[in-house]
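> All chains should be built: construct the whole structure from the sequences, respecting the hints.
Spelled out, the chains give:
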Amino acid sequence: MNETTETKAEDTSPPIAMIHGQALITLPKDLYIPPDAMEVFLEAFEGPLDLLLYLIKKQNLDILDIPIAEVTRQYVDYVEFMKEVSLELAAEYLVMAAILAEIKSRMLLPKPAATDSSEEDPRAELIRRLQDYERFKKAAAALDQLPRQGRDTFPVQTSIQEIVLTQPPPPIHVKDLVLAFANVLKRAALNASHSIQREPLSVQERMTHILAMLQTKEFVEFTSLVNEKEGRLGVVVSFLAMLELLKDHLIEFIQTTAFGPIHIKAATLSNTN
Amino acid sequence: MSVSPEQLQQIIEAALMVAGSPLTIRQLQHLFAEGEQPSSADIKTILVTLMERYHQSGLELRELASGYQLQAKAELSPWLSKLWEEKPQRYSKALLETLALIAYRQPITRAEIEDVRGVTISSPIIKTLMEREWIQVVGQRDVPGKPSLYGTTKTFLDTFNLTHLDELPTLAEIHDLDRQEAQLQVQLEFANTEIPANSPDEEITTSTHE
Amino acid sequence: MSVSPEQLQQIIEAALMVAGSPLTIRQLQHLFAEGEQPSSADIKTILVTLMERYHQSGLELRELASGYQLQAKAELSPWLSKLWEEKPQRYSKALLETLALIAYRQPITRAEIEDVRGVTISSPIIKTLMEREWIQVVGQRDVPGKPSLYGTTKTFLDTFNLTHLDELPTLAEIHDLDRQEAQLQVQLEFANTEIPANSPDEEITTSTHE
Chain A
17 MNETTETKAE DTSPPIAMIH GQALITLPKD LYIPPDAMEV FLEAFEGPLD
67 LLLYLIKKQN LDILDIPIAE VTRQYVDYVE FMKEVSLELA AEYLVMAAIL
117 AEIKSRMLLP KPAATDSSEE DPRAELIRRL QDYERFKKAA AALDQLPRQG
167 RDTFPVQTSI QEIVLTQPPP PIHVKDLVLA FANVLKRAAL NASHSIQREP
217 LSVQERMTHI LAMLQTKEFV EFTSLVNEKE GRLGVVVSFL AMLELLKDHL
267 IEFIQTTAFG PIHIKAATLS NTN
Chain B
2 MSVSPEQLQQ IIEAALMVAG SPLTIRQLQH LFAEGEQPSS ADIKTILVTL
52 MERYHQSGLE LRELASGYQL QAKAELSPWL SKLWEEKPQR YSKALLETLA
102 LIAYRQPITR AEIEDVRGVT ISSPIIKTLM EREWIQVVGQ RDVPGKPSLY
152 GTTKTFLDTF NLTHLDELPT LAEIHDLDRQ EAQLQVQLEF ANTEIPANSP
202 DEEITTSTHE
Chain C
2 MSVSPEQLQQ IIEAALMVAG SPLTIRQLQH LFAEGEQPSS ADIKTILVTL
52 MERYHQSGLE LRELASGYQL QAKAELSPWL SKLWEEKPQR YSKALLETLA
102 LIAYRQPITR AEIEDVRGVT ISSPIIKTLM EREWIQVVGQ RDVPGKPSLY
152 GTTKTFLDTF NLTHLDELPT LAEIHDLDRQ EAQLQVQLEF ANTEIPANSP
202 DEEITTSTHE
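Protein chains in written order, with my numbering: chain A, 17 to 289; chain B, 2 to 211; chain C, 2 to 211.
Be careful, since some hints might not be right.
[Unchecked claim] Calculated pairs, SDA-like style, for lysine to any residue (alpha carbon to alpha carbon, straight line, at most 20 Å): (1) A:Lys233 <-> A:Leu262; (2) A:Lys202 <-> B:Ile122; (3) B:Lys74 <-> B:Ala95; (4) A:Lys191 <-> B:Asp159; (5) A:Lys233 <-> A:Arg248; (6) C:Lys83 <-> B:Thr25; (7) C:Lys83 <-> B:Lys128; (8) A:Lys120 <-> A:Leu77; (9) A:Lys73 <-> A:Val92; (10) C:Lys155 <-> A:Thr284; (11) B:Lys147 <-> A:Thr284; (12) C:Lys83 <-> B:Glu174; (13) C:Lys128 <-> A:Asp160; (14) C:Lys94 <-> C:Lys45; (15) A:Lys191 <-> B:Glu174; (16) A:Lys191 <-> B:Asn162; (17) C:Lys45 <-> B:Arg111; (18) C:Lys83 <-> B:Gly36; (19) A:Lys74 <-> A:Gln90; (20) C:Lys94 <-> C:Arg106; (21) C:Lys147 <-> C:Pro108; (22) C:Lys74 <-> B:Asn162; (23) B:Lys74 <-> A:Gln177; (24) C:Lys147 <-> C:Arg106; (25) A:Lys191 <-> B:Ser58; (26) C:Lys83 <-> B:Ser67; (27) C:Lys83 <-> B:Gln30; (28) B:Lys74 <-> A:Gln173; (29) C:Lys74 <-> A:Lys74; (30) C:Lys155 <-> A:Leu77; (31) C:Lys94 <-> A:Gly63; (32) A:Lys233 <-> B:Ser58; (33) C:Lys83 <-> A:Pro163; (34) A:Lys99 <-> A:Pro83; (35) B:Lys155 <-> A:Met229.
Source of the hints: derived by calculation from the structure; they are not laboratory data.
In structure tokens:
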């Protein structure tokens, strides 16, 4: 920065600008940028469109009426300069130089008479791109100005003394159960299930009912297990359940006297195991 | 930037709100630039004001070992805890199958369930089913080891909105449900390897009662 | 446990304070047991009451894309930011421009972004935006190579304190932001005496927009 540093030494003078955290001490004169600052300078641009916008703004030019020859000259100078100081130049900068040169040459061609529509202007596409880019450049700046969480606003987060986590039991539907049963049957040896499946559920329910009753009462009178209100079928179901339980040695029938009341009790488990 | 007394209170309150951890009086002082730091007495006064102000709210300002912290009152825990409540899990396939077998084939022993399912039942499953009061021990089978016989309970019927066990779908209905399910699965393009779409169902149907 | 109107307000306020993330009206309803859930209208009334109550304080209740959130007011950030040692991250212009393009022109491919910006996008930019969960892949454009289409997320809106995408500063409104832009430019401005600080911007902007 030595030769071009016009003012004071770096560490004493306040920086003119901070570019990506680096202080730019010297003032670039027009397009002449001190070589050391060049890299920093280049990083300040987001690409050829950004550089072009800078050149246009710098000279207070109307974007809709760019003096293409002049802008092209400056742009090419700039690019040439960057190449001279052997900065690695993104290919896009060179592409833009070519585009500018092409527009310039077309501008030099004599205009056909009676064409004033802007679409005919060789600069139209470039202007459209510049405008479009500028809109988003500004949108980006506007976005950065929005109050941002963690930078400008902070969410309230107070604490809580205790969290009582009660995990609610999962919901269950009869369909789950049915599908589970279907599933397990599919896996099981299917023919083995034939006989059991014929048993009406009500007999099994009654079996459980009777056994449950015998858990609390040692003796249950036979007749109390037959509810006449259930009708013929109910009686049959109860009776079948008892026979089934008897067959499985789960209950015993007890009749102390002939024609006396019949009692049922849970089977005394054999001690022969 | 000079700070008005009102702003001072706002800043201290907001700091306690957003910090996420207890703040000491010193830390609160350090929010302000050198030379503008309120005295610790000033801060204490503000803290007392805040404590009183929260009295009516669901918050309280507590002094803990590492500083002052705003907390939701303990009495609100039952509601607030719901914020962290985990989604209810699904019952495992093993649990559902065990329950289904007990429901359809009761009274049944553990060994018998295992026999049909082809795998052993883990104790937590039986425990869970007992805790939910869906199953009960209704007796012992008279075979060596005297295994417990399980059956379903009234709670079980209530849970499934049934009055009697025989309201449980029959195997034919199961087949229909299963087919619907299979169609649904196809629609959702879930490649369910465990439920072959049709064939095993056929076998089941032929063996159903009605 | 039946809940009094006062308690209702306390619970909702405390929930917003402890949650640490935005809460929807539905989530607030779910703090209460089935059958005791306040209507969404009730909750809205409470939220409005709370909004007004905070007006004088350093807090504000904002509606964001993913729900309601209590925040410290932005004007307090000079003090509150001292609570954390790390400085809030600054984002490069390249990242912000990419984000702006995704926000305004979504769904958009990488090539389309590069087309407007005139430069290739470095992969770390997309990666950072994805990691912040500000953008997501929303599909693929049906052209050779099937390039990913990017769009913004709810987290993006939340982070920038917006409820809907249409609250983004409209591109037409950019006029009004000239001043801010000019200030921003000052940082980059090479204080060249030949370049008056404001006028060039004015010139260009007045002629840009449709």
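> Each hint: holds or not?
Structure-based check of each hint:
1. The straight-line distance between the Cα atoms of A:Lys233 and A:Leu262 is roughly 17 Å, inside the 20 Å bound, and the hint therefore holds.
2. The straight-line distance between the Cα atoms of A:Lys202 and B:Ile122 is roughly 18 Å, inside the 20 Å bound, and the hint therefore holds.
3. Proposed proximity of B:Lys74 and B:Ala95 is contradicted: the alpha carbons are some 42 Å apart, above 20 Å.
4. Proposed proximity of A:Lys191 and B:Asp159 is supported: the alpha carbons are some 15 Å apart, at most 20 Å.
5. At most 20 Å may separate the alpha-carbon atoms for a hinted pair to count; A:Lys233 and A:Arg248 exceed this at roughly 26 Å.
6. Restraint check for C:Lys83 and B:Thr25: satisfied, since their Cα atoms lie roughly 14 Å apart, inside the 20 Å limit.
7. As the CA atoms of C:Lys83 and B:Lys128 are separated by approximately 54 Å, the hinted pair breaks the 20 Å bound.
8. For the suggested pair A:Lys120 and A:Leu77, the alpha carbons sit about 17 Å apart, so the restraint of at most 20 Å is met.
9. Using a Cα cut-off of 20 Å, the hinted pair A:Lys73 and A:Val92 holds, with the two alpha carbons roughly 17 Å apart.
10. Note on C:Lys155 and A:Thr284: the hinted pairing is violated, with a Cα-Cα distance of about 69 Å set against a maximum of 20 Å.
11. For the hint linking B:Lys147 to A:Thr284, the alpha-carbon distance of about 11 Å falls within 20 Å, and the restraint holds.
12. Simply put, C:Lys83 and B:Glu174 have alpha-carbon atoms about 67 Å apart, too far for the 20 Å limit, and the pair is violated.
13. Between C:Lys128 and A:Asp160 the CA atoms are separated by roughly 19 Å; this keeps the pair inside 20 Å, and the hint holds.
14. Only pairs whose Cα atoms come within 20 Å are accepted, and C:Lys94 paired with C:Lys45 is rejected, the gap being roughly 39 Å.
15. Restraint check for A:Lys191 and B:Glu174: the C-alpha separation of about 10 Å stays at or below 20 Å, so the hint holds.
16. Taking the CA atoms of A:Lys191 and B:Asn162, the gap is about 12 Å. The hint holds against a cut of 20 Å.
17. For the hint pairing C:Lys45 with B:Arg111, the CA-to-CA distance comes to about 54 Å; that exceeds 20 Å, so the pair is violated.
18. At most 20 Å may separate the alpha-carbon atoms for a hinted pair to count; C:Lys83 and B:Gly36 meet this at roughly 16 Å.
19. With a C-alpha separation of about 11 Å, the suggested pairing of A:Lys74 with A:Gln90 holds against the 20 Å cut-off.
20. About 18 Å separates the Cα atoms of C:Lys94 and C:Arg106, which keeps this hinted pair within 20 Å; it holds.
21. A threshold of 20 Å between alpha carbons decides the hint, and for C:Lys147 with C:Pro108 the separation of about 13 Å falls inside it, so the pair holds.
22. Pair hint C:Lys74 plus B:Asn162 does not hold up; C-alpha atoms about 53 Å apart against a cutoff of 20 Å.
23. This hinted pair checks out: B:Lys74 and A:Gln177 have alpha carbons roughly 7 Å apart, not beyond 20 Å.
24. With a CA separation close to 18 Å, the supplied pair C:Lys147 and C:Arg106 stays within the 20 Å bound.
25. Taking the CA atoms of A:Lys191 and B:Ser58, the gap is about 46 Å. The hint is violated against a cut of 20 Å.
26. Of the pairs offered as hints, the one joining C:Lys83 and B:Ser67 holds, with about 18 Å between alpha carbons and a cut-off of 20 Å not exceeded.
27. This hinted pair checks out: C:Lys83 and B:Gln30 have alpha carbons roughly 11 Å apart, not beyond 20 Å.
28. Taking the CA atoms of B:Lys74 and A:Gln173, the gap is about 14 Å. The hint holds against a cut of 20 Å.
29. A threshold of 20 Å between alpha carbons decides the hint, and for C:Lys74 with A:Lys74 the separation of about 38 Å lies outside it, so the pair is violated.
30. With a C-alpha separation of about 41 Å, the suggested pairing of C:Lys155 with A:Leu77 is violated against the 20 Å cut-off.
31. A threshold of 20 Å between alpha carbons decides the hint, and for C:Lys94 with A:Gly63 the separation of about 11 Å falls inside it, so the pair holds.
32. Under the criterion of a C-alpha separation no larger than 20 Å, the hint pairing A:Lys233 with B:Ser58 is inconsistent with the structure, at around 57 Å.
33. For the hint linking C:Lys83 to A:Pro163, the alpha-carbon distance of about 17 Å falls within 20 Å, and the restraint holds.
34. At most 20 Å may separate the alpha-carbon atoms for a hinted pair to count; A:Lys99 and A:Pro83 exceed this at roughly 24 Å.
35. Between B:Lys155 and A:Met229 the alpha-carbon distance is near 13 Å, which keeps this suggested pair within the 20 Å criterion.
In summary, the numbered hints that this structure violates are 3, 5, 7, 10, 12, 14, 17, 22, 25, 29, 30, 32, 34.
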